[in-house]
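Peer 1: Protein chains in written order, with my numbering: chain B, 1 to 115; chain D, 116 to 227.
Certain hints may be false.
Unchecked claim - Below are the DSBU-like pairs computed for lysine-lysine, each with C-alpha atoms no more than 30 Å apart in a straight line:
(1) B/Lys83 / B/Lys27
(2) B/Lys44 / D/Lys141
(3) B/Lys20 / D/Lys219
Said to hold, decoys possible - Interface residues of chain B toward chain D, partial, derived using beta-carbon atoms under 10 Å:
(4) Phe45
(5) Gly107
(6) Gly109
It should be emphasised that the hints constitute simulated quantities derived from the structure, not laboratory data. All figures in this text were calculated on a predicted structure; none of them were measured in a lab. Here a beta-carbon is modelled for each residue, glycine too, at the ideal position from N, C-alpha and C.
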Amino acid sequence: GEEVAQTPKHLVRGEGQKAKLYCAPIKGHSYVFWYQQVLKNEFKFLISFQNENVFDETGMPKERFSAKCLPNSPCSLEIQATKLEDSAVYFCASSQSGTGGDEQFFGPGTRLTVL
Amino acid sequence: SQQGEEDPQALSIQEGENATMNCSYKTSINNLQWYRQNSGRGLVHLILIRSNEREKHSGRLRVTLDTSKKSSSLLITASRAADTASYFCATVPNSGYSTLTFGKGTMLLVSP
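Can you build the whole structure from these sequences, using the hints too?
Peer 2: Have a look at this one:
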């Protein structure tokens with residue numbers, strides 16, 4: 001598509017439950033990025049993919065967080081055993097290239113609320 | 116280390132006035148980008164300035180980059196109420212990865 005699509009728009013989970021978020025990048029974009037925005041300010045980079053391969057995972061929490069980009073499927077970000085501090089808006093972005101700093105196009109985000 | 120620190124944190128102006136936001140960063144960059152976020156929405160890309168550029172214009176936006184001071188500014192001229200939003204700068208390092216490192220943003224309120 002012409003826009004980055006993210007689903008669901010809102011997700012509410014009890015502490016300890018699993019959360020799974022989806023992202024469909026713009027058609028033709030090879031790179032997908034996940035960012036976490038807490039409290040309407042800071043954006044934290046989580047992970048990026050080049051097609052189905054992990055490109056940069058330096059921001060990814062080692063425990064509980066995992067992500068995948070499989071061929072012909074939306075990319076996904078999964079949080080096992082959610083905690084209160086995981087409450088945030090999770091943004092996905094895509095770009096044509098992963099180096100050289102091409103513009104990243106952002107999706108509308110998924111708001112995760114952990115109760 | 117924190118990249119892309121914007122100031123001011125909040126800015127309140129009247130329609131028609133100019134708004135200037137500043138951003139400082141710490142490490143060597145490939146480029147710096149400015150984004151806008153309306154309340155509860157995703158990020159909208161405004162402008163990208165590369166490390167070898169000093170100034171760039173797009174409509175009512177003017178961005179400057181001073182790599183010696185590791186700082187950038189975003190000027191919005193003749194502001195409108197619709198410009199009310201949070202503005203973020205984000206840097207892309209020279210490391211080869213396109214990971215964006217964002218600052219905390221400037222919240223701009225333009226009153227009619």
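Peer 1: Taking the hints in turn, state whether each one holds.
Peer 2: Hint by hint, here is what the structure shows:
For the hint pairing B/Lys83 with B/Lys27, the CA-to-CA distance comes to about 33 Å; that exceeds 30 Å, so the pair is violated. For the given pair, B/Lys44 sits about 17 Å from D/Lys141 by alpha-carbon distance, which is consistent with the 30 Å threshold. A distance of roughly 26 Å separates the Cα atoms of B/Lys20 and D/Lys219; the hinted pair therefore holds under the 30 Å criterion. With a cut of 10 Å, the hint placing B/Phe45 at the interface with chain D holds, because the nearest CB-to-CB distance is about 5 Å.
Restraint check, B/Gly107 versus chain D: the minimum CB separation of about 6 Å is within 10 Å; hint holds. With a cut of 10 Å, the hint placing B/Gly109 at the interface with chain D holds, because the nearest CB-to-CB distance is about 5 Å.
Consistency with the previously given hints fails for number 1 only.
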